[in-house]
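Novice: Sequence:
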Amino acid sequence: MSPLFLPLFLLSLLTPSYSISPPSFPLSTNSRWIVDSTGQRVKLACVNWAAHLEPVAAEGLSKQPVDYVAKMVADLGFNCVRFTWAVQMVTNASVGSITLRQSLEQLGLNESVAGVGVNNPQLLDLSLVQVFQEVVSALARQNLMVILDNQLSKPGWCCSRYDGDGFFGDKYFDIEEWLTGLKFMATMFNSTPNVVGMSLRNELRGPNQNLTLWYRYMQEGAELLHSTNPSLLVILSGLNYDKDLSFLLLKQPTLTFTNKLVYELHWYGFSDGGDWENGNPNNVCASVVKSTLLRGGFLLQQGWPLFLSEFGFDQSGTHLADNRYLTCFLSVAAEWDLDWALWALQGSYYLREGQVAYDESYGLLTWDWCKARNPSFVKRISALQSPLQGPGLSNKKPYNLIFHPLTGLCILMDSPSKPLKLGSCADSRAWNYTSDGKLMVKGTGYCLQSVSVGKNAKIGTNCSKPNSKWEFVANSSMHISSRLHNNGTAVCLDVDSDGTILTNGCKCLTENGTCSPESQWFKIIVSSRDFTRGDSNLELPLVESWLSKFLPVGKWRGHHYVEWKKGHRI
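Following the working numbering from start to finish, the sequence shown increments by one per residue and tops out at 1290.
It should be emphasised that the hints constitute simulated quantities derived from the structure, not laboratory data.
Since we're looking at a predicted model, the values are computed, not measured.
Glycine residues also receive a C-beta, built at the ideal position from the N, C-alpha and C atoms.
Watch out, some of these pointers could steer you wrong.
[Stated by the list, open to error] Lysine-lysine pairs mimicking DSSO-like chemistry, simulated, CA-CA at most 30 angstroms apart: (1) Lys1116 with Lys1178; (2) Lys1116 with Lys1141; (3) Lys1162 with Lys1175; (4) Lys1178 with Lys1227; (5) Lys1138 with Lys1178; (6) Lys1189 with Lys1116; (7) Lys1158 with Lys1091; (8) Lys1189 with Lys1141.
[Said to hold, decoys possible] Label pairs and their calculated CB-CB ranges: (9) Lys971 with Lys1138: 52 to 60 angstroms; (10) Asp845 with Cys1090: 24 to 32 angstroms; (11) Thr1220 with Ser757: 43 to 51 angstroms; (12) Gln842 with Ser1135: 25 to 33 angstroms; (13) Ala1077 with Lys1117: 46 to 54 angstroms; (14) Lys1010 with Thr932: 50 to 58 angstroms; (15) Val1076 with Thr1038: 21 to 29 angstroms; (16) Gly1225 with Thr912: 39 to 47 angstroms; (17) Thr976 with Ser757: 19 to 27 angstroms; (18) Gly1157 with Thr1230: 39 to 47 angstroms; (19) Ala1077 with Thr1220: 40 to 48 angstroms; (20) Val1076 with Thr912: 26 to 34 angstroms; (21) Gly1112 with Gly1225: 21 to 29 angstroms.
Model the full assembly from the supplied sequences, consistent with the hints where possible.
Specialist: Have a look at this one:
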């Protein structure tokens, strides 16, 4: 089953029926959570909208009206946009003060000029800085939060290790100009409530990167932002294309504030070090998840918010490696209940790397910006667009959901006599995964049981038999397995083409990369949202217990890790 082109039963499912009230600004942090001014968890479910390339304008203004694009973002279930910008837009008058028409014309993009004239004529003769402001205003009209992301200094496509724009002091990365740009943007949006945060710099990289300068200038930039606009979340990226925050395990930046600080990390299949195309997916997923924990996931246990500000994949559905990576990623995003931002909104660019009207295969929208490029992915991500855990969600104690990352759905039980099926996680009953391996329907005496190879799993009441006990097998820890009562054969939960839950022989436990286990990948995740049909007395186990498998022995004291195991290196 292709992760991107799912059975027809999925296409008939609506997005979850629950809704989240707009947050009360400004935002701040409470341990690992981002919260609003009332203390309620706010989950960032964002999409990246690029405005940092050579035209220095939000992509797509030649394709659709800006209000139409903003409404599409909201209608697709996202609550925020990570909006990119280049420093020279606000520090170089020859860049930011010219009009959108002039910017496009000097690049020879006459068709784009005509397109903007049709779709956004009110923007065509505004300066590039004014156009940027107007896009933010359009997003505000749809109640969309905005994270301002400084992609680079010189407008262009990001990023190369040797582009001279990767680290403090590089050819195009003038530190004083960067600080001036940060202050300008923070000041410009000081009275704009929906601009909730700023990322200091995207994907630091290159041969000159070092920790001494990282701490010096990230601290300086963070303090500047906070003093200029104290309403903003201050978002710090790591090293090596924002793939590495491991150095924070031993030393945090020294700042005069902490309740506005968020860290960001990037995770793509092409850069995570896993052999997604040729390796056993169970082994590859386990390896890259461990790596992600050590590169930045540990911050959640330390009590810092972690924003996966870029993840993305080829949305055509034809890229095997990306399909496998995405299913693994979604399992982690659900288990850790991460804040995240998809790369990218734009279905096409005015100009990218010399190519006019470049088609973005990672784009959420189609080339003409008319609709979602991959409707099945939109349904798949919907369960992760609202918070599962965190302060202020409900008075309910945390409970379990059985999440299927290939589809983005959860196991539903309408009644004990009906087949178990996948459906919206908003309609799921609360489950309880007990210490002795039983999957109980919370508040009842019913448990999940296997019957036979190729047969539907069932709900029963005699829960002492081997077919009522379930364990996680394979390195991925996503196969949920039991043994048949009559002969002890091991089987794993699986999904039929119509979404029915059955059991089959466990896939890819030892095979090579030609196998595809994703239909059998499930995660037991924690939620405390008030949308299930059950109650719960569970404790929050997941992030902490999973992290404990990989982190060195020691103790947490506030935000500092002490008694670090001697000789352990990340």
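Novice: The structure should be examined with respect to each hint, and the outcome stated for every one.
Specialist: Evaluated hints:
Only pairs whose Cα atoms come within 30 angstroms are accepted, and Lys1116 paired with Lys1178 is accepted, the gap being roughly 27 angstroms. A C-alpha spacing of about 25 angstroms is found between Lys1116 and Lys1141, which places the hinted pair at or below 30 angstroms, so the restraint holds. Distance check on the hinted pair: Lys1162 and Lys1175 sit about 24 angstroms apart at the alpha-carbon level, within 30 angstroms; holds. Restraint check: the Cα-Cα separation between Lys1178 and Lys1227 comes to about 21 angstroms, which is no more than 30 angstroms; the hinted pair holds.
In summary, the hint linking Lys1138 to Lys1178 is supported, as the alpha carbons are separated by about 8 angstroms, within the 30 angstroms threshold. Between Lys1189 and Lys1116 the alpha-carbon distance is near 26 angstroms, which keeps this suggested pair within the 30 angstroms criterion. Taking the CA atoms of Lys1158 and Lys1091, the gap is about 43 angstroms. The hint is violated against a cut of 30 angstroms. Between the alpha carbons of Lys1189 and Lys1141 the distance comes to roughly 20 angstroms, so the proposed pair stays at or under 30 angstroms and holds.
The beta-carbon spacing between Lys971 and Lys1138, approximately 55 angstroms, falls within the hinted interval of 52 to 60 angstroms. Distance hint check for Asp845 and Cys1090: the Cβ-Cβ separation is about 26 angstroms, which falls inside the suggested range of 24 to 32 angstroms. Take Thr1220 and Ser757: their Cβ atoms lie about 45 angstroms apart, and the range 43 to 51 angstroms holds. Checked against the hint of 25 to 33 angstroms, the C-beta distance between Gln842 and Ser1135 comes to roughly 56 angstroms, which is inconsistent with it.
Taking 46 to 54 angstroms as the suggested C-beta distance range, the pair Ala1077 and Lys1117 conforms, at roughly 53 angstroms. A beta carbon spacing of about 28 angstroms between Lys1010 and Thr932 contradicts the range 50 to 58 angstroms that was offered as a hint. Distance hint for Val1076 and Thr1038: a CB-CB separation of about 24 angstroms, consistent with the stated range 21 to 29 angstroms. Taking 39 to 47 angstroms as the suggested C-beta distance range, the pair Gly1225 and Thr912 does not conform, at roughly 56 angstroms.
For Thr976 and Ser757, the hinted distance range of 19 to 27 angstroms is satisfied, since their beta carbons lie about 21 angstroms from each other. A C-beta distance of roughly 23 angstroms is found between Gly1157 and Thr1230, which places it outside the suggested range of 39 to 47 angstroms. Range check, Ala1077 to Thr1220: Cβ separation about 44 angstroms, and the 40 to 48 angstroms hint holds. For the pair Val1076 and Thr912, the beta carbons lie near 33 angstroms from each other, so the given range of 26 to 34 angstroms is met.
Remark: the range hint 21 to 29 angstroms for Gly1112 to Gly1225 is contradicted by a beta-carbon distance near 44 angstroms.
The structure fails to meet hints 7, 12, 14, 16, 18 and 21 from the earlier list, while all remaining hints are met.
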